[in-house]
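J.: Below, each chain spelled out in residue letters.
Number of protein chains: 4
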Amino acid sequence: MYSFKNDYSEGAHPRILNALIESNLVQTEGYGEDCYTQEAVELLKQKINRKDVDIHLLSGGTQTNLIAISAFLRPHEAAIAANTGHILVHEAGSVEATGHKVLSIAVEDGKITPAQIKSVLDTHTDEHMVKPKLVYISNPTEIGSIYRKGELEQISGFCKENGLILFLDGARLGSALCAAGNDLTLTDLGRLTDAFYIGGTKNGALIGEALVICRESLQEDFRFHMKQKGALLAKGRLLGVQFLELFRDELYFDLAKHANKMADLLREAIRKEGFSFLTQSPSNQIFPILPNRLIEALQEIYAFYIWSKVDEAHSSIRLVTSWATREDAVLAFIADMKKTLESR
Amino acid sequence: MYSFKNDYSEGAHPRILNALIESNLVQTEGYGEDCYTQEAVELLKQKINRKDVDIHLLSGGTQTNLIAISAFLRPHEAAIAANTGHILVHEAGSVEATGHKVLSIAVEDGKITPAQIKSVLDTHTDEHMVKPKLVYISNPTEIGSIYRKGELEQISGFCKENGLILFLDGARLGSALCAAGNDLTLTDLGRLTDAFYIGGTKNGALIGEALVICRESLQEDFRFHMKQKGALLAKGRLLGVQFLELFRDELYFDLAKHANKMADLLREAIRKEGFSFLTQSPSNQIFPILPNRLIEALQEIYAFYIWSKVDEAHSSIRLVTSWATREDAVLAFIADMKKTLESR
Amino acid sequence: MYSFKNDYSEGAHPRILNALIESNLVQTEGYGEDCYTQEAVELLKQKINRKDVDIHLLSGGTQTNLIAISAFLRPHEAAIAANTGHILVHEAGSVEATGHKVLSIAVEDGKITPAQIKSVLDTHTDEHMVKPKLVYISNPTEIGSIYRKGELEQISGFCKENGLILFLDGARLGSALCAAGNDLTLTDLGRLTDAFYIGGTKNGALIGEALVICRESLQEDFRFHMKQKGALLAKGRLLGVQFLELFRDELYFDLAKHANKMADLLREAIRKEGFSFLTQSPSNQIFPILPNRLIEALQEIYAFYIWSKVDEAHSSIRLVTSWATREDAVLAFIADMKKTLESR
Amino acid sequence: MYSFKNDYSEGAHPRILNALIESNLVQTEGYGEDCYTQEAVELLKQKINRKDVDIHLLSGGTQTNLIAISAFLRPHEAAIAANTGHILVHEAGSVEATGHKVLSIAVEDGKITPAQIKSVLDTHTDEHMVKPKLVYISNPTEIGSIYRKGELEQISGFCKENGLILFLDGARLGSALCAAGNDLTLTDLGRLTDAFYIGGTKNGALIGEALVICRESLQEDFRFHMKQKGALLAKGRLLGVQFLELFRDELYFDLAKHANKMADLLREAIRKEGFSFLTQSPSNQIFPILPNRLIEALQEIYAFYIWSKVDEAHSSIRLVTSWATREDAVLAFIADMKKTLESR
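Residue numbers (this note's numbering), protein chains in the order written: chain A, 1 to 344; chain B, 1 to 344; chain C, 1 to 344; chain D, 1 to 344.
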């Protein structure tokens, strides 16, 4: 049964495996001080177009979020996130486990605005409450929407004016930067955020996220925090080799474009059948609202998650594509959908 | 320059890379619920000869230690470790960062005894002090020594009598279990400890440690702790595939035997030259005490760590071998040592 | 300017000061092992009608909440609270600082129901989310409402069925238990909750809250948690002497009755003028909705907090009475209110 | 049975109780923003001779230590303390519970030197270990010895040169500053430390420690940390009134002088009988080494702690005096000691 459940259902892109094989018996230093990691870091600095950022390679999104946030905040400071934010809901209280509250903003489309951030600041005014200090956003958001450059500039400006740290979760950043309507670049992120990360696991790597710390005052001693939280891998080369391969040329973006293209095919075909979507997602996760009967029929042939009940007869589902999604499988899904609809 | 600095200087054993390639495009569930992880876990249970243990695959030693210890202890409870213990010294306060004190026992040979544990209990008698609750030991120890079955049985018995949790760090467990003088098996560890882990990273894997939780009362909800600390990998298959390959046959032990054999060659050759050792290590880390001049000469051709100053003219060095250590490199090291000694 | 801002604006009831004076030079053990604390604990057990509860005297509400909750929960477990809950909003993230998320339930009247708790459980289903484990309620709530026995029995029953810990914050418990409409007793609380506390600071003591741990499995080693969080006072007698005096006879309830009676006077007088209230509060905090002009006039003569804006011309204010509130001041407030209204 | 067990066996000095009575019905703001606390803080700034220090009143020593240290340090930073240090041994792991390791220095006399601090820095060199950042000292130390100005200047200079924070625990500071041989003043402490506290609980107050934060960069947002750890008392006046009374004139020092004088009487009498002492303590805790038979005889009439076994026939005991110690009781103790010795 072909799966559209996730963008981490397969292993790694063959070029990445090949890079691991080729580098395999070279002896290197441990703990991220190997030549591959160093080279990958330099390459990323070029792509971001800043020499003064700090870059660290970590194993996964939750790990990156919790280490960055706990390293950046003092004990009484809190993060602000959309109520769809991954740190708020799907990371098992990892930020709270480091001692920090995550303040929630109710949003419609996964994105937050300066006005919403301001409303949090306005209600946190003295030492009987936590002090909001870090704004956490995801691009794309957890429901597939993406930030436009103008939106990010407004958030960034508001954060600077109010002494807030802006942190961008880029677990699926490749898909966002390659989505229709995107006008952001890695260079923009390096300029507009205080820190962000470039997700590898969900875009062709076996494992790995590259955290970029842009604000100098947040860079000090970061490797201590990584070690303390169990994130310094003895064979850090595993992360270095992969990011080096992803960014040696355009592989990272090519993989994201493929994922997006597969989502585009699905999106268009579903739209043509007259169905709407729960969220406006130009990225590699789409949330079509379908009749329950159609869903049940499709579930017999394809794996995917049911996202939410919409009304008695309809639900939204989540379809995720990736670098590994086969076009023939997408076309088969579309054909099976049409066949099912016609047979009713 | 050939390196004896570590057992994580290279990538993975070729069979492991091959297993990753072969499984690469199979679609699986995420977060350790894939078929490879499940199969690896079942295989390990067979090797341990217990069906009722819980087994979880994690990324590294520090991560495994901090998650296990913080999951097992209540807030006021403390761990006890030898003063050479990895959690006490070389994990950047990771256990304390989860809120728990680590109490130190001064030891000679890296190993602790029931009498030493008792002396800690005797001085922690009321609520003005922490409550010692978990005994942390490493096998092999951080200085290469290993526990005999009789020693482990005594510690285990003492812990049971005193309501203590016995946790064994097995970052280099393969080397211990294959060392000359060893009489312990995985089955023994399953019987004598409350939890232990089987290190993969330092014995041929790219990454990965298998935590075995033997005591039932410590098993509940463990995946929550993993998630909360950022240790549930989206592509958990990366760990599953590797452990499956390592334990499908005798690969894990074969690799450890090779590492030990390389250490044996070095140890014997050094001993024959009349040098002594800082610690009695039958495992893959040895600590010869050599004249400083010899050390300087060898450093020009080989990479290794200087461990400690012994007297004005002598220091101890650390030589580490692994599954990847080439016999020709070992023989060359020995030859170069002899040549240097003769030329003086 | 007479203040209705709080029930902690004055020192202690004279009988409490007197008890401190009389006991002052008696030599006792430290850290709560003094005779006064022991006697107070025995007395409270009688009032609760259970010998098997554990009782500890602490310094304040935030301290009591954070120690109890962090002692009761394992690292991945979370508390559930109404969105008005003190731990959620006004304790500076103290629970999160111990590592635990507080899950919010949106409520109207400060109280939560089993159905609302169930909705939280229903959306927290696996290890990617925290595990809801403790239900935090306040009686009276932070907006003055009180729980009826039937309501508390339902919550208690639901918690038992679902393995949840029920913890009741009684910072103003005296006022709740003496309010019109109350049908709960200390004995009921001992039977229906897993733990609760009896607030002293806001009912005539200088300082002090009595935490009652009813569920046996939560009692073990509690003094360790108190010490670790800095709550074991060297002169624990300070707390013991006060609680002994408060519960030696009916003083605790007499003081609460006085506070409630003063609130009743204010409430009735305001109601007679035709004003409504933001919340239905029979306890010592009331939230009348008044014209802004009236509020401004009253603010020139009395101190109180403006609670919230209701519409362009009206706001709610908070008036708090206590054991120390003078009846003549209440009557003067009422007279001044009437005079202001007539003069417009 | 008269007790020399502690300096917190009685309540408060009568003048303090009187101040509480006199201020009792004055209405004030809560949470330390009352007029008494403000006035006490101003008074203390005058005594310290610095306007730019921040002063906060807290409830006890463990609370003060844990809040200050956790507020001052980033997650990966550690404290350094003598192995007799209160935070290391007798605070139930309270500092570790906030996430920070406490590194131990083995000392003879309770005091630490720059050379000992340097040895800790020299062995903590990279991110695999914690980063030593704060030096914790006590004056008097936990075994009664005191720091001379020259010693403190050396430590202070070393800390400044090495970017370390110097924190002085003054739980019994009054006794130190009034001891024979002392040449330090409050002004010196304000100049030489980054933070220190002035203990009230053990010098005549019911409860209360005054934390003085001298280094400006450590002052920001400190009340948030107090609130988060449960240390902001609703009736903060309880602390303010007491410190105001203690420092309104020379009361604080007069009480300490009395305690020291009582200790002097005991020390001299014991010395005259030919007994030695475990530690050189000029302050209000002394540790005579006495024959076990004498100890047993005295224990029948007086309460005190046996501190340690010295040899088969001798042990050290701890005698503590305070503002409340009666001279007649001291003289009786001395007489009983002599009588016992003569009767043997």
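Note that these hints are calculated values from the structure, not bench results.
Any given hint might turn out to be false.
For identical chains, the list gives no copy identity; a pair is met inside one copy or between any two copies.
[To be verified] Cut-off 20 Å, straight-line C-alpha distance, at most; resulting in silico cross-link-like pairs (DMTMM-like, lysine to aspartate or glutamate):
id	residue 1	residue 2
1	Lys339	Asp311
2	Lys339	Glu22
3	Lys261	Glu273
4	Lys309	Asp122
5	Lys309	Asp264
6	Lys5	Glu127
7	Lys51	Asp328
8	Lys339	Glu268
9	Lys309	Glu296
10	Lys5	Glu29
11	Lys47	Asp188
12	Lys45	Glu327
13	Lys47	Asp336
14	Lys131	Asp221
Quick caveat, the model's predicted, so the values are computed rather than measured.
J.: Run every hint past the structure and note whether it holds.
T.: Now for the hints, and whether the structure bears them out:
Taking CA atoms no more than 20 Å apart as the test, Lys339 paired with Asp311 passes in neither setting, with 24 Å inside one copy and 57 Å between copies. Taking the closest pair of Cα atoms, Lys339 and Glu22 never come within 20 Å of each other, the shortest separation being 47 Å inside a single copy and 35 Å across copies. Taking the closest pair of Cα atoms, Lys261 and Glu273 come within 20 Å of each other only inside a single copy of the chain (19 Å); across copies the shortest separation is 67 Å, beyond that limit. In this assembly of identical chains, the alpha carbons of Lys309 and Asp122 lie at most 20 Å apart only when taken from different copies (14 Å versus 35 Å within one copy).
In this assembly of identical chains, the alpha carbons of Lys309 and Asp264 never lie at most 20 Å apart, being 24 Å within a copy and 48 Å across copies at closest. In the homo-oligomer, the alpha carbons of Lys5 and Glu127 lie at most 20 Å apart only across protomers (18 Å), although the nearest pairing inside one protomer, at 44 Å, exceeds that limit. For the identical chains of this complex, Lys51 and Asp328 are neighbours neither inside a copy (43 Å) nor across copies (42 Å), given an alpha-carbon limit of 20 Å. In this homomeric assembly, Lys339 and Glu268 come within 20 Å of each other (Cα to Cα) only inside a single copy, at 16 Å, whereas the closest approach across copies is 71 Å.
Taking the closest pair of Cα atoms, Lys309 and Glu296 come within 20 Å of each other only inside a single copy of the chain (13 Å); across copies the shortest separation is 50 Å, beyond that limit. Proximity of Lys5 to Glu29 under the C-alpha cut-off of 20 Å is restricted to the inter-copy arrangement: shortest distance 9 Å between copies versus 38 Å within a copy. Only within a single protomer do Lys47 and Asp188 lie at most 20 Å apart by alpha-carbon distance; the minimum there is 11 Å, versus 53 Å between protomers. Taking CA atoms no more than 20 Å apart as the test, Lys45 paired with Glu327 passes in neither setting, with 34 Å inside one copy and 40 Å between copies.
For the identical chains of this complex, Lys47 and Asp336 are neighbours neither inside a copy (42 Å) nor across copies (46 Å), given an alpha-carbon limit of 20 Å. Taking CA atoms no more than 20 Å apart as the test, Lys131 paired with Asp221 passes between copies only; the shortest distance there is 9 Å, against 23 Å inside one copy.
Consistency with the previously given hints fails for numbers 1, 2, 5, 7, 12 and 13, ordered from lowest to highest.
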